[in-house]
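Novice: In case you want the letters, here they are:
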Amino acid sequence: MAEKHQVCFADELQPGSRKVVEIGGRSIGVFNVNNQFYAIRNSCPHRGAPLCRGVVTGLVTSPELYELEMERLGEIVRCPWHGWEFDLTTGRSVFNPHKMRVKSYDVSVEPEPMDLQGDFVLVDGEPDPFIETFDTTVEPSGEQGRKVVFVHV
Amino acid sequence: MSATATNNERQTEVGNDTRLHKAKRFPIVDTDVHHSFFDKSDLYPYLSDIYRDRWADYGTGVGTSTAHNGGFRGRRADTIDVEQEQPANIGTSAIDVQDTIDRLLDGAGVDVAILTGGPMGGASAMMDIDYASALCTAFNDYSIDTWVAADPRFRLTLAINHQDPEGAAREIDRLGQHPQVVGVMVSCGAPKPFGFRSYHPIYEACVRNGLAFAMHFGAEGSGINPPPTSAGYPSYYIESRQARPTFYMAHLASMIFEGVFEKFPTLKVGMIEGGFAWVPPMLWKMDLDWKGLRYQVPWVKRLPSEYVKEHVRFATQPMEEPDRPEALKHIIDWMSGEQTLMFATDYPHWDWDDPAMTLNGFPDDFRRRVFFDNAVDTFGLNKNGEMDRLLSEVAG
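Protein sequences, first through last, are from chains E and R. If you're matching positions, the first sequence starts at 414 in my numbering and goes up one per residue. If you're matching positions, the second sequence starts at 225 in my numbering and goes up one per residue.
Just to be clear, a hint being listed does not mean it is correct.
[Stated by the list, open to error] Over the 12 angstroms line for every Cβ pair with chain R, so calculated as not near, a few chain E residues:
(1) M414
(2) A415
(3) K417
(4) Q419
(5) A423
(6) K432
(7) V434
(8) F450
(9) T470
(10) E480
(11) H495
(12) T502
(13) D548
(14) G555
[Said to hold, decoys possible] To give an idea of the interface, some chain R residues facing chain E are shown, with a C-beta separation under 10 angstroms as derived from the structure:
(15) R421
(16) M473
(17) G483
(18) E486
(19) K509
(20) L517
(21) Q520
(22) V524
(23) K607
(24) G609
(25) E610
(26) D612
(27) R613
These aren't lab readings, by the way, just hints derived from the structure by calculation. Ideal placement from N, C-alpha and C gives every residue a C-beta, glycine not left out.
Let's have the full structure, built from the sequences with the hints guiding it.
Specialist: Listed below in structure tokens is the structure:
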């Protein structure tokens, strides 16, 4: 079973901000994305970079040739090394979502422990970089009117 | 004299052992045959009075940046009698139609020869774009009347001036439906790489006429073009040859990341006389960089290597010869060579490849794709079923 770990008060983590915490030997980033909280492992599956230190941005798309459009602002983290983009809300890689899917977890079940390099899932024959994602909950605290963010690891 | 005796004499004279291609199991398409006029006056009938005088008095006015080459003035010395006085235009191009038929088509067993010549010096290196385009037009008319008309095995890539995209598009529309015109040819030397949007009228015209867009080393560092290496002007021809792939690389990256293949999903591109050992590392690099920088060019929807494998074909010559022969197999495998390579002799250059002596250690189905199928697809050679007929003739 996943264990519930208190991260901070919800009002300490405003939309667009993040907090990196150490839980059970794992570095985990908790992000407030438009008042939803998401937790991902602070390690890029590409080269092990501290992914949660990357720029949080949106998905740049091109509805027409040479048009740039920013969608889903705040939902994408761009790795500080080499620039791979991941969807904070799902852990999916942006550049090749068809071939590179996140290993999905039942939120109520503790994720299997995994090695950084040796545990990629093959989809259509391609290596599958994924970020380990964790369930988060926001619950009332003892303090009047304040809520606490928990991450389930 | 019997026909056999004639053939034997010719065989000796053209310097090819015709026995080597007698047993071939598929036709051979040669995607790079350099042709030109015998004498500059050959173009006079196709030029206006004004440009004819300029051509007669000044030529292109842009020489080449490297003042020397290999072989005999850049060509196979065995294609001429080196002890005789040579015609003025003896150089890197074939200038005698019948001699080319004898040596290359009959002699080396080439069944379809794609002509890739153009106005000497590179029209796209000239300051006056209208004059340059007029020279291309004249050269194309001359090529059709003199070369294409001489033998049904010749096909033509149209010489165009990429500095004048609108004029180039008009030229493509003027001749693009000729049954033996199969593509468009430009020199790699250019002020801007080929993905740049001002060139797009050329691609529109290629797609409109069902023609491949091919580029060939040439005109780098001459006329208005930037230097023949990105680090400036080298002293020697052998140096400039080492920088050749960088031109193809710059054009390829430009076409991919400017979204040319998103905009023109049926465009086929031929990269001619650039070799190919440089291709696999570039595919890896483009794919990796796209993962990190995709957001800057989001119209590039797929891995760059996927566009290359679908749209771009590389002529085999000048083929690298790794000191460990198995390395060549790896390189070919890494770039899906069975899909992306097309054979070329580069006739009559001194460093040409004889089809009978090229890629011999490879399986037959691979060889057939490289020597035949890939060029047929890229240049649309089978529009009227003529390649089907040729295949059944050769394969029996």
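Novice: Give a verdict on every hint.
Specialist: Going down the list of hints, with the structure as the test:
1. Separation of M414 of chain E from chain R is adequate, the least Cβ-Cβ distance of about 36 angstroms exceeding the 12 angstroms criterion.
2. The beta carbon of A415 of chain E sits about 31 angstroms from the closest Cβ of chain R, which is more than 12 angstroms, so the claim that it is off the interface holds.
3. For K417 of chain E, the requirement that its beta carbon stay farther than 12 angstroms from each beta carbon of chain R is met, with the minimum near 35 angstroms.
4. The beta carbon of Q419 of chain E is kept farther than 12 angstroms from every beta carbon of chain R, the shortest such distance being approximately 35 angstroms.
5. With a minimum CB-CB distance of about 30 angstroms to chain R, A423 of chain E clears the 12 angstroms threshold, and the non-interface call stands.
6. Interface exclusion of K432 of chain E from chain R stands, the closest Cβ pair being 25 angstroms apart, more than 12 angstroms.
7. With a least beta-carbon separation of about 27 angstroms from chain R, V434 of chain E lies farther than 12 angstroms from that chain, consistent with its non-interface assignment.
8. Its beta-carbon lying about 25 angstroms from the closest one in chain R, F450 of chain E satisfies the requirement of being farther than 12 angstroms from that chain.
9. Separation of T470 of chain E from chain R is inadequate, the least Cβ-Cβ distance of about 8 angstroms not exceeding the 12 angstroms criterion.
10. With a minimum CB-CB distance of about 8 angstroms to chain R, E480 of chain E fails to clear the 12 angstroms threshold, and the non-interface call is violated.
11. Against the 12 angstroms criterion, H495 of chain E falls within the reach of chain R, whose nearest CB is about 5 angstroms from its own CB.
12. Against the 12 angstroms criterion, T502 of chain E stays outside the reach of chain R, whose nearest CB is about 17 angstroms from its own CB.
13. Interface exclusion of D548 of chain E from chain R stands, the closest Cβ pair being 28 angstroms apart, more than 12 angstroms.
14. With a minimum CB-CB distance of about 43 angstroms to chain R, G555 of chain E clears the 12 angstroms threshold, and the non-interface call stands.
15. Given the 10 angstroms rule on beta carbons, the hint for R421 of chain R holds: about 8 angstroms separates it from the nearest Cβ of chain E.
16. Evaluation of the M473 of chain R hint against chain E yields a violated restraint, the C-beta minimum of about 21 angstroms exceeding 10 angstroms.
17. Using the Cβ-Cβ criterion of 10 angstroms, the hint placing G483 of chain R at the interface with chain E is satisfied: the shortest such distance is roughly 5 angstroms.
18. The closest approach between the C-beta of E486 of chain R and any C-beta of chain E is roughly 6 angstroms, which is under the 10 angstroms cut-off, so the hint is satisfied.
19. The interface hint given for K509 of chain R is broken, as the beta carbon of that residue sits about 12 angstroms from the closest beta carbon of chain E, more than 10 angstroms.
20. Taking 10 angstroms as the C-beta contact cut-off toward chain E, the hint placing L517 of chain R at the interface holds, the least distance being around 6 angstroms.
21. The criterion of a C-beta within 10 angstroms of any C-beta in chain E is met by Q520 of chain R, whose closest approach is roughly 8 angstroms, and the hint holds.
22. Given hint, V524 of chain R at the interface with chain E, holds; its Cβ is 8 angstroms from that chain's nearest Cβ, closer than 10 angstroms.
23. Because the closest C-beta pair between K607 of chain R and chain E is about 29 angstroms apart, greater than 10 angstroms, the hint is violated.
24. The closest approach between the C-beta of G609 of chain R and any C-beta of chain E is roughly 36 angstroms, which is over the 10 angstroms cut-off, so the hint fails.
25. Restraint check, E610 of chain R versus chain E: the minimum CB separation of about 36 angstroms is more than 10 angstroms; hint violated.
26. Checking D612 of chain R against chain E: minimum C-beta separation of about 35 angstroms lies over 10 angstroms; hint violated.
27. Given the 10 angstroms rule on beta carbons, the hint for R613 of chain R is violated: about 39 angstroms separates it from the nearest Cβ of chain E.
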